[in-house]
Amino acid sequence: MSLTPADQARVTDVPSASSATAPAAGPSPGGRTRRLRRRRTVLPYGLLAPAVLVIAVMLGYPLYRLVILSLQDFGLPQVFGQPAEWVGLENFREILTEGYFWTVLWRTLAFAGVNVFLTVTLGVAIANLLNALGARMRLLVSTSLILAWAMPALTSTVVWQWIFDTQYGLANWLFGRQGESWLAEPISFFAVATIIVTWMGIPFVAFTVYAGLSQIPESLLEAAALDGANAIERFRYVIFPALKPILLIVTSLSVLWDFRVFTQIFVLQRAGGVSRDTNLLGVYAYRISIGENAFDTGAAVAIVMVLITVLLTLFYMRSLLREES
Amino acid sequence: MNTNRSARRRSPMLKAAAALATAGLLAAACGSDDDSGADAPDATEAPDGTEAAETETTDGTSDESGSIRLWLNGGDTPDELVAYAATEFEKLHPDVNVEFERQQWTGIVERLTTALSSNDSPDVVEFGNTQAQTFEAAGAVIDLTDDKAELGGDDLLTSLEEAGTYDGAFYAVPYYAGARIMIYRTDLFEEAGIEVPTTLEETLAAGVALKDASDDPNFSGIYLPGRNWYAALSWLWEYGGDIAVQEGDEWVGQLDSPESIAGLEAWKTFFDDANAAPADGDDATDYIAFCNGEVAMMPAPGWKPGQILNEDDGCPELEDSIGVFALPGQEAGTTAPVFLGGSVLAIPTNSENPELALDLLKIMIGPGFQSQFAAGGTIPALKSELANVSGSPAAEAQAEAALNSRFVPTSENWAGVEAANVLPDLLTRIAQGDDIASAAAEADAAIEAALNG
Chain A
93 MSLTPADQAR VTDVPSASSA TAPAAGPSPG GRTRRLRRRR TVLPYGLLAP AVLVIAVMLG
153 YPLYRLVILS LQDFGLPQVF GQPAEWVGLE NFREILTEGY FWTVLWRTLA FAGVNVFLTV
213 TLGVAIANLL NALGARMRLL VSTSLILAWA MPALTSTVVW QWIFDTQYGL ANWLFGRQGE
273 SWLAEPISFF AVATIIVTWM GIPFVAFTVY AGLSQIPESL LEAAALDGAN AIERFRYVIF
333 PALKPILLIV TSLSVLWDFR VFTQIFVLQR AGGVSRDTNL LGVYAYRISI GENAFDTGAA
393 VAIVMVLITV LLTLFYMRSL LREES
Chain B
24 MNTNRSARRR SPMLKAAAAL ATAGLLAAAC GSDDDSGADA PDATEAPDGT EAAETETTDG
84 TSDESGSIRL WLNGGDTPDE LVAYAATEFE KLHPDVNVEF ERQQWTGIVE RLTTALSSND
144 SPDVVEFGNT QAQTFEAAGA VIDLTDDKAE LGGDDLLTSL EEAGTYDGAF YAVPYYAGAR
204 IMIYRTDLFE EAGIEVPTTL EETLAAGVAL KDASDDPNFS GIYLPGRNWY AALSWLWEYG
264 GDIAVQEGDE WVGQLDSPES IAGLEAWKTF FDDANAAPAD GDDATDYIAF CNGEVAMMPA
324 PGWKPGQILN EDDGCPELED SIGVFALPGQ EAGTTAPVFL GGSVLAIPTN SENPELALDL
384 LKIMIGPGFQ SQFAAGGTIP ALKSELANVS GSPAAEAQAE AALNSRFVPT SENWAGVEAA
444 NVLPDLLTRI AQGDDIASAA AEADAAIEAA LNG
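Keeping their order, the protein sequence lines are chains A and B.
All residue numbers for the first sequence refer to this note's numbering, where the first residue is 93 and numbers rise by one.
All residue numbers for the second sequence refer to this note's numbering, where the first residue is 24 and numbers rise by one.
Treat the hints with care, since some could be wrong.
Pairwise CB distance ranges (calculated) [claimed, not checked]:
1) B:T292 with A:T247: 33 to 41 Å
2) B:E173 with A:L399: 38 to 46 Å
3) A:L403 with B:G456: 37 to 45 Å
4) B:T292 with A:F332: 55 to 63 Å
5) A:F407 with B:G191: 54 to 62 Å
6) A:Y260 with B:T137: 30 to 38 Å
7) A:G268 with B:G456: 16 to 24 Å
Chain B regions said to be covered by chain A (calculated; three or more residues, Cβ under 8 Å) [said to hold, decoys possible]:
8) 105-115
9) 131-139
10) 157-166
11) 287-301
It is worth saying that the hints were derived from the structure and are not from the lab.
Where a beta carbon is used, it is the ideal one built from N, C-alpha and C, also for glycine.
Between the sequences and the hints, there should be enough to build the whole structure, so can you do that?
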């Protein structure tokens, strides 16, 4: 959900950086060079070490605590010093045998799926639009995208929530639906949430894909046009294959972000959503832990989320590596 | 071909190892995100304005050993009363300062959970009456049973005393109470020639008449947003229903009893016919709607007139047009039961000065302190001071309503019911036209699951 722009920038850098270093990594004969290479391999790890250490302390320890919590009987009394009892996998048994957990899980996956599809489709469309526009319009569209991207999730959610307000909202005024409660029904609630999440997700996809588009040699497209390919065919046979690696990456990242969505759902629920019908995993884990003081089962839900995220991450890493080799 | 492939094989393996390590770190990043998720709600609370933790210390520089820290929430305790308590306390202990910190109600449970479990705990804290039992059961506050006689004893308001009692032991001292009253626009009543209603039926008729008389689609005869569950409880209780009752060790949900359903149906009639507030709205901004001239009557806590008339975003110009009455029951001469809000005070287990804190508690529950609550229009925690409540019509209507007041189930797990939004969700669904009986049965199941742990 909350990758910093710097992270995202780093991710987008990966393909180009790897293609630049790829030739240097080629095998070279001779013992002298091999020794030299071995010595050289120590340096990068040494440089990585401080960062790895910081991450291990800042992220590793909380993760370790989360695992411990999920295996204990840990409620408010334990916060106030009572010894926590080990219960093994009891917390996991509790959530996994509860029908509601599965409802929330499938709902979360479905929500992420719809949002990723919309984000990537519209993102690619806008990237092509950017590519086709003249300089002035392109500047205008880019600026709008950047503004949408730069706005904090909380701020934009509150603004969208006002737009869909039952009594004073812009949407109801525009469509002449005075008194329509958008957030009260799960379907329209998720429609509003989807608009917000997609709206915020599109700029990253659009810019990344646009960067990819600008790398496709003009001559290729010209040749295809001369061979009689129309615009759709040019996209299908020339642009799409060239963009495939980038699309894989932005799709994987969007899956990760949309799976972990929290702020938008939490704020919209406060503004009127029926919590039980609109909980997604992130919000659900929060409600159990902080709301009901069941830190143990909340941790178990969080662990399940982490595991699913790891699976999704592995998929992303694999596609990234496949591009590299 | 072959050599080429094997030469490459080494590097993918290395990369795979690196990938795995990175994946682990990324996973860790996600894991910790859930932790930091705990902070997110605080951030989301910020737009409510001013609600974010705002701490004021009247006495910043004092020796740690020579001071005790008092936490009170919201603006319910005026500064003069705090000053009175501090002065009285310092008469007893001239060398000890009272350090006062005002906390905001929003997010108070999370903040108290953190502060009370730390080794830098305040010495006296305030809980809302629906929150107290959770902390009492957790052992977060010390047992005051032996000192109860000096802390109000038999003179304490019964319902607040229940909130302060867990498992037969007395942990938290009642502090003050607040009952819901009806606030109305006297000028609109006069224009329409409507008298203050004396039965629930008349209230509905007045609300419908006032709503029908207005051209504004946002105008409510009675402002009843769907998620204002405190208000809706009056209808539930008036028709003999309840949220849940204890049978032996088990809590049993009562929302789908015939009486409860009758109450919810009555509430729905009010919602449909007299109200224009949304099914998924709450009472957070009701005073804005009131100031917009979109409300003729609304159920609200006793301090609401003050909020309506505030200088910043209220409407002081309405001062002469605001009246109050206690929501009547079905029969003339009765009042409908109302939710009794209120606060209790307790001493955290981690307090470094529990004995000093006890002396401060004795002052704050003492007649000298409580009589000033009564004089200011707040319902005091001592029965003997109830007769002295005066000052404003709101205070008198509140005192009348408080005589027939009720409370949510006294369980240490009640916080879970509130956290899961069971009651607001139920009301939103009913207001949207869902079947009342089945929605109530589902809510019962959720309440039983939460209360019975």
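Query raised in the report: Are there hints from earlier that the structure breaks, and if so, what are their numbers?
Result: When the structure is compared with the hints, numbers 2, 8 turn out to be violated.
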